[in-house]
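Novice: Required output: the full structure, derived from the provided sequences and hints.
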Amino acid sequence: MSETPSILTHATPGYRFAQWSTWAFGAVWFRESFSGREHLPRAGGVVVVSNHQSFLDIPVLSHAIPRHVSFVARDTLANFKPLAWLMRTCGAVLIKRGAPDRAALREMVAHLEQGDCLVIFPEGTRTSDGRVQEFKAGALLAARMAKVPLVPCAIRGSFEALPKRALFPRPRKIRVQFGTPIDSTLPDALERAQAAVSGMAGDGRA
0 MSETPSILTH ATPGYRFAQW STWAFGAVWF RESFSGREHL PRAGGVVVVS NHQSFLDIPV
60 LSHAIPRHVS FVARDTLANF KPLAWLMRTC GAVLIKRGAP DRAALREMVA HLEQGDCLVI
120 FPEGTRTSDG RVQEFKAGAL LAARMAKVPL VPCAIRGSFE ALPKRALFPR PRKIRVQFGT
180 PIDSTLPDAL ERAQAAVSGM AGDGRA
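To convert, note that position 42 of the sequence shown is 41 in numbering that gives the first Met the number 0; the numbers rise steadily by one, no gaps.
In case anyone wonders, no lab produced these hints; they're calculated from the structure.
Virtual Cβ for every residue (Gly too), placed ideally from N, Cα, C.
Hints are not guaranteed to be accurate.
Claimed, not checked - Each pair of labels, with its calculated beta carbon distance range:
hint, residue 1, residue 2, range
1, Arg164, Ala77, 20 to 26 Å
2, Leu185, Phe79, 37 to 43 Å
3, Glu133, Phe54, 20 to 26 Å
Specialist: Here's what the structure looks like:
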């Protein structure tokens with residue numbers, strides 16, 4: 000019988016290094032600003048559902064959320080060894096795209112049941128035009144299984160700062176806004192989350 004993988008729910012030295020080594024660049028180059036952080040629980044399991052504008056979203060949200068964060072990311076990112084090490088030391092959950100991944104779902108629920116903050120991009124991929132795309136149900140399923148709330152989050156400006164195929168980020172302002180927590184047991188919880196994110200993100204531009 001295979002053992003249940005250990006769940007990392009605290010900030011390791013590698014996590015802190017990645018967070019702080021990118022913080023100064025984000026503060027100066029992107030003039031990052033955060034609002035609505037009072038809606039984030041200080042402790043306990045929570046799923047933050049965010050729009051996905053660019054590869055900058057993960058470091059930006061690690062700056063915005065004042066607690067350890069485990070990100071859900073596609074497993075192909077682990078093909079790059081330095082990134083694979085970074086994701087392991089930060090407690091990321093790797094998910095297979097294109098098919099249901101029950102093992103990843105169980106891992107997400109385990110993070111939440113142990114009081115971790117999980118960030119999921121329910122669109123499943125980066126936006127092609129800056130706007131919020133349709134949400135998939137995986138985030139809601141994990142939240143319901145673990146009996147934790149959803150916190151909607153909107154990122155604006157990172158699409159302009161690093162659009163697809165760009166080689167280097169541009170100096171654009173990036174804003175992050177968190178909305179009121181949503182009870183994941185509500186029958187329309189996913190629709191409420193998408194509406195909240197879309198309302199805060201607008202056209203996705205700063």
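Novice: When you take the CB atoms of arginine 164 and alanine 77, is the distance between them in 20 to 26 Å?
Specialist: holds, 22 Å
Novice: Indicate whether the distance between the beta carbons of leucine 185 and phenylalanine 79 respects the range 37 to 43 Å.
Specialist: holds, 39 Å
Novice: 20 to 26 Å was suggested as the range; check whether the CB atoms of glutamate 133 and phenylalanine 54 agree with it.
Specialist: With Cβ atoms ~21 Å apart, the hint holds.
Checked against the numbered hints above, the structure violates none of them.
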